[in-house]
Every structure is written in C-alpha cells, then in structure tokens.
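S.K.: Chains as they are written, first to last, in numbering that gives the first Met the number 0: chain A, 0 to 419; chain B, 0 to 152.
Bear in mind the hints are in silico, worked out from the structure with no lab data behind them. It is possible that part of the hints are untrue.
To be verified - Okay, derived cross-link-like pairs now, SDA-like style, lysine to any residue, Cα gap no bigger than 20 Å in a straight line:
(1) Lys56/B with Ser166/A
(2) Lys73/A with Ile141/B
(3) Lys273/A with Ala295/A
(4) Lys200/A with Met95/B
(5) Lys122/B with Val164/A
(6) Lys200/A with Ser140/B
(7) Lys174/A with Gln60/B
(8) Lys55/A with Glu121/B
(9) Lys56/B with Glu173/A
(10) Lys174/A with Glu121/B
(11) Lys311/A with Ser140/B
(12) Lys165/A with Gln57/B
(13) Lys201/A with Thr94/B
(14) Lys200/A with Thr94/B
Here the structure is a predicted model, which is why all the values come from computation and not from measurement.
Here's the letter readout for the chains.
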Amino acid sequence: MSLREYSVSRLNSVLEGIGRLKESDFPYPHSRDALIRLEQLFFSHKSRLEGLSPDKRPAIVQMFCSAALTDLFKYLAFLGFILRSTNVRNAFEVYGPLLRLSQQVLGKDTKLVLSSEWEGYSPFTYRPIAELPNFVLIGFPAPESSNPLLIPLAGHELGHTIWNVKSFATKYAEKVEEQIIAEIRSRFEEYMNFYSAHASKKEDIVPENLFVKRAIALPAEWAIKQCEEFFCDFVGLYLFDVAYLHAFAYLFAPTAGQRSVLYPNTLTRVEKLKEAAARYAQKVAGAYRVPEDYAALFRNKSELPPNEEQKKFLLSLADAGSNGMTGDLMSEAQSLLSAANVPLLSSDEKHRILDRFKFVVPAVEVKSLSNILNAAWDVYHDPKFWEHLPQIQNRQRALKEVVLKNIEVLEIEQILQDAP
Amino acid sequence: MTTTAATTTAQNGRVQLGSTDANVPLLSIEAANELDELIEGRATTLESVARLAEVLKQSFQLDPSEARRSFVDSGTVAVFSQAIDESSSGNSVSTMQELVQQATEIVKTLETATGGPTQELEKLRDFCIALANASTAYQQSIFEMRPSDPLRS
Numbered sequence: 000m001s002l003r004e005y006s007v008s009r010l011n012s013v014l015e016g017i018g019r020l021k022e023s024d025f026p027y028p029h030s031r032d033a034l035i036r037l038e039q040l041f042f043s044h045k046s047r048l049e050g051l052s053p054d055k056r057p058a059i060v061q062m063f064c065s066a067a068l069t070d071l072f073k074y075l076a077f078l079g080f081i082l083r084s085t086n087v088r089n090a091f092e093v094y095g096p097l098l099r100l101s102q103q104v105l106g107k108d109t110k111l112v113l114s115s116e117w118e119g120y121s122p123f124t125y126r127p128i129a130e131l132p133n134f135v136l137i138g139f140p141a142p143e144s145s146n147p148l149l150i151p152l153a154g155h156e157l158g159h160t161i162w163n164v165k166s167f168a169t170k171y172a173e174k175v176e177e178q179i180i181a182e183i184r185s186r187f188e189e190y191m192n193f194y195s196a197h198a199s200k201k202e203d204i205v206p207e208n209l210f211v212k213r214a215i216a217l218p219a220e221w222a223i224k225q226c227e228e229f230f231c232d233f234v235g236l237y238l239f240d241v242a243y244l245h246a247f248a249y250l251f252a253p254t255a256g257q258r259s260v261l262y263p264n265t266l267t268r269v270e271k272l273k274e275a276a277a278r279y280a281q282k283v284a285g286a287y288r289v290p291e292d293y294a295a296l297f298r299n300k301s302e303l304p305p306n307e308e309q310k311k312f313l314l315s316l317a318d319a320g321s322n323g324m325t326g327d328l329m330s331e332a333q334s335l336l337s338a339a340n341v342p343l344l345s346s347d348e349k350h351r352i353l354d355r356f357k358f359v360v361p362a363v364e365v366k367s368l369s370n371i372l373n374a375a376w377d378v379y380h381d382p383k384f385w386e387h388l389p390q391i392q393n394r395q396r397a398l399k400e401v402v403l404k405n406i407e408v409l410e411i412e413q414i415l416q417d418a419p
Numbered sequence: 000m001t002t003t004a005a006t007t008t009a010q011n012g013r014v015q016l017g018s019t020d021a022n023v024p025l026l027s028i029e030a031a032n033e034l035d036e037l038i039e040g041r042a043t044t045l046e047s048v049a050r051l052a053e054v055l056k057q058s059f060q061l062d063p064s065e066a067r068r069s070f071v072d073s074g075t076v077a078v079f080s081q082a083i084d085e086s087s088s089g090n091s092v093s094t095m096q097e098l099v100q101q102a103t104e105i106v107k108t109l110e111t112a113t114g115g116p117t118q119e120l121e122k123l124r125d126f127c128i129a130l131a132n133a134s135t136a137y138q139q140s141i142f143e144m145r146p147s148d149p150l151r152s
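With the rest of the complex left out, here is chain B:
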C-alpha cells in the first residue's frame, strides 16, 4: 500500500504549486502514474490526480466558492509556465490571463480524467511529468544557491 505524497496541506490546509516545503514533485509523479494506469486499462484510484487538481485550484485561486483574489504567487507562475513550455500538450503562454486559462483547463481535465479520451489522458500524463520536472528544478534552484561548504568539493 502506498500513501499519497505528503504536502503541507496536512499541516495547514493549503498548499501552493510554488511552495518549497510541499512535495509537489512527488504528487505530480503519482498523478502521472495514475493516469498512465488508466490509459493502460488497469484498475487505479485517482487520488493523486484529484489532489493535484486541488493544489492547482488553490494555487490559482480557482475555487468558485471562495472570494476571487487575483494574487498568484510568482513561484506558482514560474513552475506552471515552465511545465506548460516543456509539455507537448501545452500551448505557449505570454500573459497571466492565458496562464490562468491554461490552469483552469488542466484542472477541468484532471477532474474529469476517468471518462477522458486516451489522447487527452496522454497529454495530461505528460503535463504531470513536466510539472514534476519543473517543480523539482524550481526547488533545487532556490536551495542550491546556498554558499557551499568550503571543505567539500
């Protein structure tokens, strides 16, 4: 039995794509794997897919039940736009509005993944892999800029 990637949600009820203390990379891989299982016709839960959709909604303030706020943190923008750039499924984006629109569409596709056509699921899976890569790279870029230990190569 495996467990869904731990994120800070467990601790504070909210996690964002750019959070360096959240395990977005692992959550994205798990989601990619669940979609892959679905494509292959094997039985799977879509727990991580649903969780990733939730993280995206929180990151882009897409939940209609909440008062709409325009703030999307720059870490989320950096990670998501890099994933879109690198994912074959995504169109390139040049405005914040386009980026939010892309996020809305991806959330919708994640939420309806069970009944989606194979080609769409494959795109979504590839996007999740790109998202895992982008969030890993982003987190490393922040922490690898600490000064190195002078006694270690």
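Chain A extracted, bound-state conformation:
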C-alpha cells in the first residue's frame, strides 16, 4: 500500500464516523453544524490527496498526508466532545441563556456547543479552530457537567472565542514583545548565559536584532497565550461577579499538576482576579467583593524541573510579558462587555431570588444568569439557609435543582419576551 492510500483510507474511516455521528439526536443544531464543518475539512483533505497526479513529488505527497494526519490527531477528541453534547448528563437548561449571552457579546451568528469532558478536570478548551471561528465551546468535567454552580466558568470559555474573533493576539503582540525585551535588558547577564552570541552589550537588545527576535518567539507566544487566559478570567469575572471566583476555586483550588507555559501560574491568576475585581467594583457599588482569604485557598502549580534552566528562563520572560499587560486586558474585557450591554449582578435582584430560594422555589423575572448564580453561591455557603426545612436531606442536590429550574424559568421568559 502507498502512503496516499493509507491516508485516504484513514480519511474514509473518519468520514464514515462523522456520518454516523450526524445521525445522533442532537438537542441543539449547532453540534451538527460543527460536525458538518469538520466533515468538509476531512473531505477537503481527501479530495486534495485524490486529486494529486500519480507522479506527484513524494515530498509534496508526504506533506499533504501529514497535514491530514495532523488534523485527525487534532480533531478526534473534538468529535468525541461533539458526541457527548448529546448526553443527558449535560445541563441542557443552561444552553439557551448561555447562547443568548454569547450572541449578545459576539453577534447573532455565534454558535454554542455545550458538552462534557473526560480528558481533563477543567472546562475544556481547544486550540483555536480556524474551521469553527464563531463557535463557543463549553465542556465541563463530566462528573460536574450538571452542576449549575459552575456555569460562571463558561464566561471564561466565551472569553476564548472573543479573543479569537477580535484578533486580540495580534493586537497585543507588539506590546508583549516590548515587555519581554525590557525584561531581557534588565536581566542582561542572565540572558547572556544562554545566548552569548546574540549581543555584546545591553544596548544591542533591541527589536531590530534578528537573533534576539528569534530567541523571544517562544516566550512571546507563551505570553500571548497567558494574556488570553488572563483576559478570559476577566471576562468570566465581569460577567458573573464573585460567582466566577467561587466556581474557579471550587474546580481549581488548591492546585494540581505541573505548570503549563501557556497559563499564568495559579497565584498570579488569583492576584490578577483580585485586582480586576477592585477595578470593576469602582463602577458598581457593592459588587465584585472578593471573599476574605480567597487567595489562601490556592497554591502555585509545581514549576518546571531544575534541569530545564533555559526553559525556565524563557518562561520567566513570558511571565514578565503577560504580567505587564493585565491592566490593559482588564480594561479590554470591561469596555467590550460594557459596550455589549451585558446584564450584571444586581444585589437587589439577588436578594429577591434568595427570598424565593428560601422556599426552594424559582424566582420570576430575574433578568440575568448572574443574579441566579450569585444567589446560588450564597446559599451554598450558608449551612443554615434551609434550617427551617428539615425535610431537605441533601442541600447541594436541592440547590442544584432549584437553580436549574430557575434558569429554565429565565429562558422561558426570554423566549416569550422575544416572541413577535
């Protein structure tokens, strides 16, 4: 068999698999839309390979085969993600409100796939998918996928789509590189330990130095990815207020695993969230109140091993690049979401909902998910909230059910409001 035949055979298999997936009973059409886009992607790979002349140069055939194989690796997990969007464990009640919120920020053609994840214990994020530019992809870890208290983390995932659609990586690239170059200048001797041929004096560390520019490519890219994570945190916080902080702590505190170069370390994220909360609180009285000792819940992830000194140095440059951008990113999230007129937490509304929750009854006309979810976290943290209802054996289950019910009520009211 030839390389090309192997590749076409693999593509036929995945296309057959997608064909079967398309027969699934999708609760919402966007999952199927995503499948169709991926089907087109793999069909294009197949057509390219089949269209090559028999005597095509092996180097070109190999690269087309490699591109197809790369996409198989890249999208296989995503196909499973789409399949799991049909699973009844998902909290389908939240789909409508989250789609509405996403479309309010990004426009009516925004699509949403809500699913669950078995690969990692965190809301699933995918590397940007050029084929699905306007899709918001939200996947909660499977054991928590019906837990509505974690919905605020969907704000973070929405942030990723905003980041890509608005091309913020391009917007911030120059500033990030400036920060990194300034950091290298301030640590010139250290830089020279690793890259002695790049410069003879501090003044040679300039953007026009080709060797420096090549050396900072990786840390600059890591820093941009870290900026994206900061931005997404700020989006989640702005949209869902302290409910975002509680959901973040619930899922990630204290910490787990080794640090990724693509993320700021945990304590830095928490510190920046606190700064963002202080900034956003200036505009809304009584809002964004970070719980006392919030940071004490967290620890940093373990750093890179000591034998990776050069990588550690590059990562420290990336950290400097991203940390210097957080003020801009907080403002970016705030101005963008403010312009979209997204509903924010109303303390009065939250208390009105709490009054209903006292009787395990959903409230009407609650106006936003944020109001419901912040009320929910207040109940979660108050062990005496249902003291007057001894028949409630499992507080957390009762809370989840009333919250999901309230989200359903919100969605029904929104549908009726939008009806002609």
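For this one, chain A is given, so just place chain B on it according to the hints.
M.R.: Positioned in the frame of chain A, the structure of chain B alone reads:
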C-alpha cells in the same frame, strides 16, 4: 474539488505567518503543489500561491497601501528565517533588514509566478515546502510544552 486551507483570515481579515491559530502549514503545501503543477506544465489555479503572498505581505507589513509599520512579530521572524535557512533557494540572513528584503523578493516572485522561469519556480516551490515544515515545527514547539498527562506515556 478542494478548498484553500482555512486560515483565521476568514474570521478577522488578517493572518500572520507566526499565528498558531492559522493553517499556514497547509496553505504553504498547497502553494508548493500549485507551483509544482505549473512546473510540470499542468493546468492549475494559483489561488494558494496568491493567498500565501498575501499572508507574507501582511506578516511583514509590505502592503504599500497601508501606513508602514516596523513591527513584525517574533513568530513570523522565527518561522520565516528558519524556512530561509532550510530552503536551498535562500541566502542566509543575519539582520532584520535582510529578512524583510528576502520576504519582499519572495512575495514578488509569488505574485509573478505564472511567467517565471522553471528554475525560479523550483526554488519557490522548495521554499514553500520549507515554510510548511518551519511553521509546523513552530506550532508544535509551542503546544508540545504543555505538561503531559501523568497517566499517559
């Protein structure tokens, strides 16, 4: 029928060589293939060749209709200079100015590929293959540095 590699251009109107969310590797292979077809005397469109020229122009801010900015992102520099180093067609470069000059010449050659001599087209095709390799390696270098799953080898 095939379609040109999807890039983020469809979504935001701009893509750069170093963008990790752009499918520069596939676009470069498609361009290499179109040039190969041209060299072999077979009918072909040069859609991907034109698109790659556009990506290079955007990456190096070469469009004369735009106000000239000096910023070229480091990812673009890393990918392009590696492609130049590995491509037999390229001279080695040691300054940013030389790199931009190389990019300008390659864009010009891509834009006039139809009437180019075979030897020049072959160089250009080999450069496109080197560019595909360089951008693939660059993207992998970024994402493969995530911590590995402790339960997987």
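S.K.: For each hint, tell me whether it holds in the structure or not.
M.R.: Against the structure, the hints:
1. Lys56/B with Ser166/A: holds (18 Å)
2. Lys73/A with Ile141/B: Status holds; Cα separation ~15 Å.
3. Lys273/A with Ala295/A: Holds: Lys273/A and Ala295/A sit about 12 Å apart, inside 20 Å.
4. Lys200/A with Met95/B: Holds, at about 18 Å.
5. Lys122/B with Val164/A: violated (36 Å)
6. Lys200/A with Ser140/B: violated (29 Å)
7. Lys174/A with Gln60/B: holds (17 Å)
8. Lys55/A with Glu121/B: Distance ~14 Å between Lys55/A and Glu121/B Cα, so the pair holds.
9. Lys56/B with Glu173/A: Between Lys56/B and Glu173/A the Cα gap is close to 17 Å, so the pair holds against 20 Å.
10. Lys174/A with Glu121/B: violated (39 Å)
11. Lys311/A with Ser140/B: holds (15 Å)
12. Lys165/A with Gln57/B: holds (17 Å)
13. Lys201/A with Thr94/B: holds (18 Å)
14. Lys200/A with Thr94/B: holds (17 Å)
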